[in-house]
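Visitor: Sequence:
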Amino acid sequence: MSSTELADLRAYMADNPGAVIEDVARERKISPRAVIEALPGEMARIGAGGEFAAAMQDIAGWGEVTLIVHTDDAIFEFTGAIPAGEIGRGYFNLMQPKGLHGHLRYERCAAIAFVERPFMGKSSAFIAFINVDGGIMFKVFVGRDETRALRGDQLQRFRALADRIAPSAFSSEVDTGSREENASKQESRASVLIQSEPKL
3 MSSTELADLR
13 AYMADNPGAV
23 IEDVARERKI
33 SPRAVIEALP
43 GEMARIGAGG
53 EFAAAMQDIA
63 GWGEVTLIVH
73 TDDAIFEFTG
83 AIPAGEIGRG
93 YFNLMQPKGL
103 HGHLRYERCA
113 AIAFVERPFM
123 GKSSAFIAFI
133 NVDGGIMFKV
143 FVGRDETRAL
153 RGDQLQRFRA
163 LADRIAPSAF
173 SSEVDTGSRE
183 ENASKQESRA
193 SVLIQSEPKL
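Using the working numbering, you'd call the opening residue of the sequence shown number 3 and step up by one each time.
The set of hints was computed from the structure by calculation and includes no laboratory data. Treat the numbers as computed from the prediction; the structure is a model and nothing was measured. Glycine included, each C-beta is placed from N, C-alpha and C at the ideal position. Errors might be hidden in some of the hints.
What the hints assert, rightly or not - Per label pair, the in silico range of CB-to-CB distance: (1) P99 - M3: 27 to 37 Å; (2) V134 - F78: 15 to 25 Å; (3) E7 - M97: 22 to 32 Å; (4) G63 - P99: 36 to 46 Å; (5) G154 - M3: 30 to 40 Å.
Based on the provided sequences and hints, a complete structural model is requested.
Guide: In structure tokens form, the structure reads like this:
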């Protein structure tokens with residue numbers, strides 16, 4: 003991306019902070035990560051992808067949230083509690099018989115973005131797990147109360163996690179280690195977890 007294109011993108015996101023990230027990325031032929039990084043500095047910060055397991059374990063204690071997977075063909079949404087995970091055989095495994103379950107290739111997580119911005123007339127807060135290609139693996143949104151306001155307890159947890167993983171203004175030069183190094187870091191942080199094999 004040229005400096006002119008980057009300046010134009012930043013100006014666009016400053017004027018349209020609630021734009022759908024994936025739509026902007028597709029229209030401009032750039033990565034979703036580049037779109038997030040172009041948001042005003044006070045709206046986004048990015049931490050290392052090596053914190054994937056720690057972030058997911060923290061989110062498991064938040065209660066009901068909304069997890070979204072946005073592809074070119076569909077937008078999948080799950081609202082409910084995220085289960086605690088276990089690392090095994092190269093996957094971060096969400097193991098429960100009902101509700102959200104599956105196997106996540108955590109080694110491909112290169113960065114974790116914390117975003118607070120207006121969206122459709124309301125405040126929004128979400129965590130985007132960004133892969134090594136600059137795409138968004140999935141997002142986890144802070145839940146809302148009966149008035150459709152962000153849940154205060156979850157917003158507090160969101161900000162505390164952001165302070166821990168991305169304590170300063172985001173940098174586009176985070177997590178520069180190899181995929182193997184990132185995986186090793188995550189397995190160390192997840193050493194308290196019981197190892198399990200994915201039931202694929």
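Visitor: Does the Cβ distance between G154 and M3 fall inside 30 to 40 Å?
Guide: 38 Å, holds
Visitor: Falls inside 27 to 37 Å, the C-beta gap from P99 to M3?
Guide: Given range 27 to 37 Å: violated, Cβ gap about 45 Å.
Visitor: Does 22 to 32 Å hold as the CB distance between E7 and M97, or does it fail?
Guide: 44 Å, violated
Visitor: So the hint says 15 to 25 Å: do the beta-carbon atoms of V134 and F78 match that?
Guide: Given range 15 to 25 Å: holds, Cβ gap about 21 Å.
Visitor: If I claimed the Cβ atoms of G63 and P99 lie 36 to 46 Å apart, would that claim hold in this structure?
Guide: 20 Å, violated
Hints 1, 3 and 4 from the list above are not met by this structure, while the remaining hints are.
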